[in-house]
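Heads up: the protein sequence lines correspond to chains A and B, in order.
Residue numbers for the first sequence follow the numbering used here, so the first one is 1 and each next one is one higher.
Residue numbers for the second sequence follow the numbering used here, so the first one is 189 and each next one is one higher.
Treat the hints with care, as some may be off.
Straight-line C-alpha distance at most 20 Å; calculated EDC-like pairs for lysine to aspartate or glutamate [as the list claims (entries may be wrong)]:
| hint | chain 1 | residue 1 | chain 2 | residue 2 |
| --- | --- | --- | --- | --- |
| 1 | B | K261 | A | E131 |
| 2 | A | K110 | B | D462 |
| 3 | B | K439 | B | D404 |
| 4 | B | K466 | B | E480 |
| 5 | B | K353 | B | D390 |
| 6 | A | K110 | A | E131 |
Covered stretches of chain A (in silico footprint by chain B; criterion: 3 or more residues with CB under 8 Å from a CB of chain B, positions within the stretch not fixed) [as the list claims (entries may be wrong)]:
| hint | segment |
| --- | --- |
| 7 | 138 to 150 |
| 8 | 159 to 173 |
Just so you know, these hints were derived from the structure itself, not from any lab.
All C-beta atoms in this analysis are idealised placements derived from N, C-alpha and C, irrespective of residue type, glycine included.
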Amino acid sequence: MIKIIITFVTLIYSSLSMALEALAEEEMQKVLGQGGVYLSGDITINDNGGPLNVSGATIGDVWQKSCIPTSTDVRCGARIAVNAGDGANSGWLVLDNIRGRFSFEGLTLKTRTIDSGFDGDGVIFNSDVLEIGLPNTVSYGGVSYTLANSSEARPTDSGFSQTDIFSVNINGDVSLRGNLLLFPTGTP
Amino acid sequence: MLIITNKILVVLTLFASSTLVNADLITLEDSDLSEVDGEGIGLVLEDFIYNAGEAVNGGGTFEINGLQTSDDKDVTISISQFYIAASGSNQGTILNPVNIGRLNNPFNIELRDGDNYGVDNKAIFEFSAPSVANGSRLSERPDVGIRFDLDIDGNPFQSLDNHIKSLSIDGSYLRLWGGGGRMEGEVALNIYTPNMAFFACDSNHENCGQTVEFRDVSIEAKLGYGEFQPVTFDVSSDGHFHFSVGTLEGKCATNSTGGCVSGSDRNVLIDFYDNGPKTNIYIDNVVVAGQEFGTTTVSNLQIQYLDVRSRDL
Numbered sequence: 001m002i003k004i005i006i007t008f009v010t011l012i013y014s015s016l017s018m019a020l021e022a023l024a025e026e027e028m029q030k031v032l033g034q035g036g037v038y039l040s041g042d043i044t045i046n047d048n049g050g051p052l053n054v055s056g057a058t059i060g061d062v063w064q065k066s067c068i069p070t071s072t073d074v075r076c077g078a079r080i081a082v083n084a085g086d087g088a089n090s091g092w093l094v095l096d097n098i099r100g101r102f103s104f105e106g107l108t109l110k111t112r113t114i115d116s117g118f119d120g121d122g123v124i125f126n127s128d129v130l131e132i133g134l135p136n137t138v139s140y141g142g143v144s145y146t147l148a149n150s151s152e153a154r155p156t157d158s159g160f161s162q163t164d165i166f167s168v169n170i171n172g173d174v175s176l177r178g179n180l181l182l183f184p185t186g187t188p
Numbered sequence: 189m190l191i192i193t194n195k196i197l198v199v200l201t202l203f204a205s206s207t208l209v210n211a212d213l214i215t216l217e218d219s220d221l222s223e224v225d226g227e228g229i230g231l232v233l234e235d236f237i238y239n240a241g242e243a244v245n246g247g248g249t250f251e252i253n254g255l256q257t258s259d260d261k262d263v264t265i266s267i268s269q270f271y272i273a274a275s276g277s278n279q280g281t282i283l284n285p286v287n288i289g290r291l292n293n294p295f296n297i298e299l300r301d302g303d304n305y306g307v308d309n310k311a312i313f314e315f316s317a318p319s320v321a322n323g324s325r326l327s328e329r330p331d332v333g334i335r336f337d338l339d340i341d342g343n344p345f346q347s348l349d350n351h352i353k354s355l356s357i358d359g360s361y362l363r364l365w366g367g368g369g370r371m372e373g374e375v376a377l378n379i380y381t382p383n384m385a386f387f388a389c390d391s392n393h394e395n396c397g398q399t400v401e402f403r404d405v406s407i408e409a410k411l412g413y414g415e416f417q418p419v420t421f422d423v424s425s426d427g428h429f430h431f432s433v434g435t436l437e438g439k440c441a442t443n444s445t446g447g448c449v450s451g452s453d454r455n456v457l458i459d460f461y462d463n464g465p466k467t468n469i470y471i472d473n474v475v476v477a478g479q480e481f482g483t484t485t486v487s488n489l490q491i492q493y494l495d496v497r498s499r500d501l
């Protein structure tokens with residue numbers, strides 16, 4: 001937006017003093033962009049469960065599973081099921097019972113030119129990167145998930161059986177500092 | 189942006205030409221995708237620190253459970269500390285930021301042309317660590333460690349420490365492609381570290397026992413050789429995982445003494461033994477409680493067939 005305004009003002013100014021003129025490269029170089037984006041987030045996933053519905057059925061106890069945080073009902077929590085394929089005999093690798101609260105302050109997103117530092121690599125690199133600034137602290141509130149193997153994609157499918165491999169519970173702060181730099185590689 | 193524009197142009201051109209010729213939309217074949225050239229996304233972590241666990245950041249819970257002892261008692265692994273930080277961390281007590289990956293040799297996500305990797309007419313997804321040549325310098329090799337407590341049946345039992353100094357995984361990669369209705373791949377895992385240490389303490393993390401150290405460790409493990417010997421990972425319909433490295437059995441016609449008859453099949457096998465995936469391990473010194481056990485070497489280990497399945501106990 002600022003760019004548009006600056007361009008506009010420049011145009012008005014030049015039209016006042018003389019006829020319209022093309023903007024020279026040097027003048028465009030003086031235009032500054034905004035500094036990027038600063039994000040803070042607070043995400044709660046299936047904090048109190050959320051039973052998976054049987055297709056079509058909306059009555060009965062299908063919606064009424066007790067999904068308090070200590071519940072181990074397989075219908076509670078979010079579920080991601082992936083089939084790596086191998087015909088009719090295949091099953092599903094599952095990240096199950098995903099729930100809890102993640103919050104962070106100060107995830108930043110901006111572009112940056114690197115032409116120095118990195119023990120001498122910066123000078124050679126001399127290019128733009130997308131910088132994702134990691135928040136210094138990520139707070140977890142009762143976050144849990146279970147890694148499992150399952151015969152069916154959903155616990156409501158017929159013939160469902162599941163082998164839980166392990167569960168992870170996190171409650172507290174995790175330090176996550178630094179920047180993730182993304183940039184194109186190869187010879188386009 | 190240039191890359192994205194180029195890719196869009198290629199896709200648009202493909203669509204445009206097919207429209208002109210067939211006057212109808214057609215699906216992109218594997219062979220079309222296999223012409224994708226090697227332009228990818230580089231990833232570098234700058235000034236990075238990761239530190240989590242119950243003994244840091246003011247406490248909290250970080251548990252892994254679901255395991256059981258042989259007499260069916262629940263085992264909980266409580267992670268006291270899990271850290272990734274600059275080398276010289278003194279087993280996770282001094283955490284300084286570290287750059288992981290180099291700008292001119294970063295971690296990389298790419299689509300590769302399968303024709304160059306023994307997977308004909310298919311595109312390969314690749315995630316790779318920096319290459320070994322011109323690889324990570326000492327300042328770019330983080331210390332990684334984990335301390336955890338074992339709770340058995342609710343009772344704190346023992347604390348275990350694992351610390352890896354100046355870890356480099358240069359040269360590692362994961363390649364995936366679709367083959368015959370399933371996911372296939374090949375994987376390389378390289379681990380280089382001057383010191384890997386393990387020791388146990390009591391449940392208060394005191395009275396620690398003797399340390400088992402592996403000094404100057406180089407592990408270079410490769411599994412899978414294109415479509416000739418793919419690595420597969422899937423889950424069976426009864427809910428168990430299945431990991432396999434393709435068999436070499438039946439890859440050539442055999443003569444009366446069991447050897448391969450000469451021909452193209454045999455040449456492929458000769459190529460496999462000459463250039464195929466090998467695993468090498470070198471440990472300069474294994475030290476237990478200050479006693480030196482000397483050097484351990486495993487070289488040119490080739491896997492002809494591997495099939496791992498989980499079972500209920």
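Each hint tested on the structure:
For the hint pairing K261(B) with E131(A), the CA-to-CA distance comes to about 47 Å; that exceeds 20 Å, so the pair is violated. Straight-line distance between C-alpha atoms of K110(A) and D462(B) comes to about 48 Å, which puts the hinted pair past the 20 Å bound. Straight-line distance between C-alpha atoms of K439(B) and D404(B) comes to about 39 Å, which puts the hinted pair past the 20 Å bound. Note on K466(B) and E480(B): the hinted pairing is violated, with a Cα-Cα distance of about 28 Å set against a maximum of 20 Å.
Restraint check for K353(B) and D390(B): the C-alpha separation of about 23 Å exceeds 20 Å, so the hint is violated. Proximity of K110(A) to E131(A) is assessed by CA-CA distance (about 5 Å); at most 20 Å being required, the pair is judged to hold. Under a criterion of three residues with beta carbons nearer than 8 Å to beta carbons of chain B, the stated coverage of the segment 138 to 150 of chain A is upheld, 5 such residues being counted. Check on the segment 159 to 173 of chain A: 13 of its residues sit with their Cβ under 8 Å from a Cβ of chain B, so the three-residue criterion for coverage holds.
Of the hints listed earlier, those the structure fails to meet are numbers 1, 2, 3, 4 and 5, in rising order.
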